Amino acid sequence: MEGRPELASSADDAFDIAAAGQIQKKVGEILLGLPSRDRQLLKAVFLDERDRDEVCGEFGVDRAYLRVLLHRAKQEFKTEYVKRIGNPTGFGVYSKKV
Amino acid sequence: MDHSDAVKQMAAERFLLDELTPEEREDFEAHLFDCPECTLDLRAGAAFVHEAKIQLPQLIADSAATAPVERKKTKRESKHWFLWWRPAFAGVAFATLFLLGYQNLVTYPALRNAANQPRLLPWAPLHGNTRGGGHLTITADRRHGVALPVDLSGPLASVTYSSYSIDLLDPQGKLVWTDAVASPGESDGASQSLSLVIPGAMLGNGQYTIVVSGIATHGERAPISRYVFEIRMAD
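Chains Y and F are the protein sequences, given in the same order. Heads up: the first sequence at position 61 corresponds to 61 in the working numbering, and the numbers run straight through without jumps. Heads up: the second sequence at position 198 corresponds to 1198 in the working numbering, and the numbers run straight through without jumps.
Read the hints as simulated data drawn from the structure, not as lab findings. Note that this is a predicted model, so its numbers are computed, not measured. Note that beta-carbon positions come from the ideal geometry of N, C-alpha and C, so glycine has one too. Please note that a few of the clues may not be correct.
[Unchecked claim] Where chain Y lies over chain F, by a calculated footprint (3+ residues, C-beta under 8 Å): (1) 1008-1014; (2) 1035-1045; (3) 1051-1065.
[Claimed, not checked] Ranges of calculated distance between the beta carbons of each label pair, as one might list FRET restraints: (4) Y:Gly60 to F:Ala1088: 41 to 49 Å; (5) F:Asn1104 to Y:Arg37: 46 to 54 Å; (6) F:Phe1089 to Y:Pro35: 34 to 42 Å; (7) Y:Arg63 to F:Ser1063: 43 to 51 Å; (8) F:Ala1030 to Y:Arg63: 39 to 47 Å; (9) Y:Val61 to F:Gln1103: 53 to 61 Å; (10) F:Glu1029 to Y:Arg52: 14 to 22 Å; (11) F:Ala1093 to Y:Arg52: 49 to 57 Å; (12) Y:Arg72 to F:Glu1023: 26 to 34 Å; (13) Y:Pro35 to F:Leu1100: 40 to 48 Å; (14) F:Asp1018 to Y:Arg72: 14 to 22 Å; (15) F:Glu1029 to Y:Val61: 55 to 63 Å; (16) F:Glu1019 to Y:Gly60: 57 to 65 Å; (17) Y:Gly28 to F:Glu1019: 21 to 29 Å.
[To be verified] Here are the simulated DSS-like pairs of lysine-lysine, each with C-alpha atoms no more than 30 Å apart in a straight line: (18) Y:Lys43 to F:Lys1008; (19) Y:Lys43 to F:Lys1053; (20) Y:Lys78 to Y:Lys25; (21) F:Lys1174 to Y:Lys25; (22) F:Lys1174 to Y:Lys78; (23) Y:Lys83 to Y:Lys25; (24) Y:Lys78 to Y:Lys43; (25) Y:Lys83 to Y:Lys26; (26) Y:Lys26 to Y:Lys43; (27) F:Lys1174 to Y:Lys43; (28) Y:Lys26 to Y:Lys78; (29) F:Lys1008 to Y:Lys78; (30) Y:Lys26 to F:Lys1174; (31) Y:Lys43 to Y:Lys25; (32) F:Lys1053 to Y:Lys83; (33) Y:Lys43 to Y:Lys83; (34) F:Lys1008 to Y:Lys83.
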């Protein structure tokens, strides 16, 4: 997918690039498996960055629904993510505040 | 905050949804230093959200483009489902159901009842070998029919017959019923008379004939008696 930002990886070798492609594919599968309404809900919250309460009211759901939706999608994604990224203590780890 | 607290509170999800209070956020961030599992959880969630934000606009646009076709398909499927309720088919289906219901609830119980219950029938004495006019007129109705005596010991009867046949002819002279009985024999004192019960449904106005024939052991048939009577239906 040319011109599209790729998920940051700890190295630029071919393996990591392929892993990033697999992750994109997995996220696509998860999103396609959701009802259309849930996709629109996620877009409104994360892409449009609209007020959470306003979005929940519009879609007729509560905040717990939103959390569970994200939790299930994350759990499904995590297996693929761990497989592709490898050592979980790689990049982006919070450094301990001193 | 420990790991079980973080899981119970869905801390990673609430962090990504920006729902944590400043104090909860600080606790969770402090917990992350000591919990690789929660760290992985948060990173996976963040990676998912990051990629979802890229793909969602296209996916939603694609869904919007295909939605009208899907609605049409559903309408077509609904139409298919409602095919069963089209007037012509529905009429046939209901007529069949009505017929089955009527048979099971009305006709069969009535027949069963009639077969299992004693009933009274008008008994009309007949005279065999009647010649010319002056036949016996019997009034019958469709519900009861008529019972007629048939005498096997007519003047032409013979003890050599092994069996007898009884034929019923309708007003057109057509054979509508026949049966055979074994010869009762004089020596054992068995009755030489039978009762022929004709159900009302078989009867109509007109002249009927009962023919009694003897059947010899070698199969030869010989008429013995002939009863002619007039039926007049009451209904």
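These are the hints, each one checked on the structure:
| no. | hint | in the structure |
| --- | --- | --- |
| 1 | 1008-1014 | holds (count 4) |
| 2 | 1035-1045 | holds (count 7) |
| 3 | 1051-1065 | holds (count 10) |
| 4 | Y:Gly60 to F:Ala1088: 41 to 49 Å | holds (43 Å) |
| 5 | F:Asn1104 to Y:Arg37: 46 to 54 Å | holds (50 Å) |
| 6 | F:Phe1089 to Y:Pro35: 34 to 42 Å | holds (36 Å) |
| 7 | Y:Arg63 to F:Ser1063: 43 to 51 Å | violated (25 Å) |
| 8 | F:Ala1030 to Y:Arg63: 39 to 47 Å | violated (24 Å) |
| 9 | Y:Val61 to F:Gln1103: 53 to 61 Å | holds (56 Å) |
| 10 | F:Glu1029 to Y:Arg52: 14 to 22 Å | holds (21 Å) |
| 11 | F:Ala1093 to Y:Arg52: 49 to 57 Å | holds (54 Å) |
| 12 | Y:Arg72 to F:Glu1023: 26 to 34 Å | holds (27 Å) |
| 13 | Y:Pro35 to F:Leu1100: 40 to 48 Å | holds (45 Å) |
| 14 | F:Asp1018 to Y:Arg72: 14 to 22 Å | holds (19 Å) |
| 15 | F:Glu1029 to Y:Val61: 55 to 63 Å | violated (28 Å) |
| 16 | F:Glu1019 to Y:Gly60: 57 to 65 Å | violated (19 Å) |
| 17 | Y:Gly28 to F:Glu1019: 21 to 29 Å | holds (26 Å) |
| 18 | Y:Lys43 to F:Lys1008 | holds (26 Å) |
| 19 | Y:Lys43 to F:Lys1053 | holds (7 Å) |
| 20 | Y:Lys78 to Y:Lys25 | holds (13 Å) |
| 21 | F:Lys1174 to Y:Lys25 | violated (88 Å) |
| 22 | F:Lys1174 to Y:Lys78 | violated (92 Å) |
| 23 | Y:Lys83 to Y:Lys25 | holds (14 Å) |
| 24 | Y:Lys78 to Y:Lys43 | holds (20 Å) |
| 25 | Y:Lys83 to Y:Lys26 | holds (12 Å) |
| 26 | Y:Lys26 to Y:Lys43 | holds (17 Å) |
| 27 | F:Lys1174 to Y:Lys43 | violated (90 Å) |
| 28 | Y:Lys26 to Y:Lys78 | holds (10 Å) |
| 29 | F:Lys1008 to Y:Lys78 | holds (18 Å) |
| 30 | Y:Lys26 to F:Lys1174 | violated (87 Å) |
| 31 | Y:Lys43 to Y:Lys25 | holds (18 Å) |
| 32 | F:Lys1053 to Y:Lys83 | holds (22 Å) |
| 33 | Y:Lys43 to Y:Lys83 | holds (26 Å) |
| 34 | F:Lys1008 to Y:Lys83 | holds (25 Å) |
Hint compliance for this structure: hints 7, 8, 15, 16, 21, 22, 27 and 30 are broken, all remaining hints hold.
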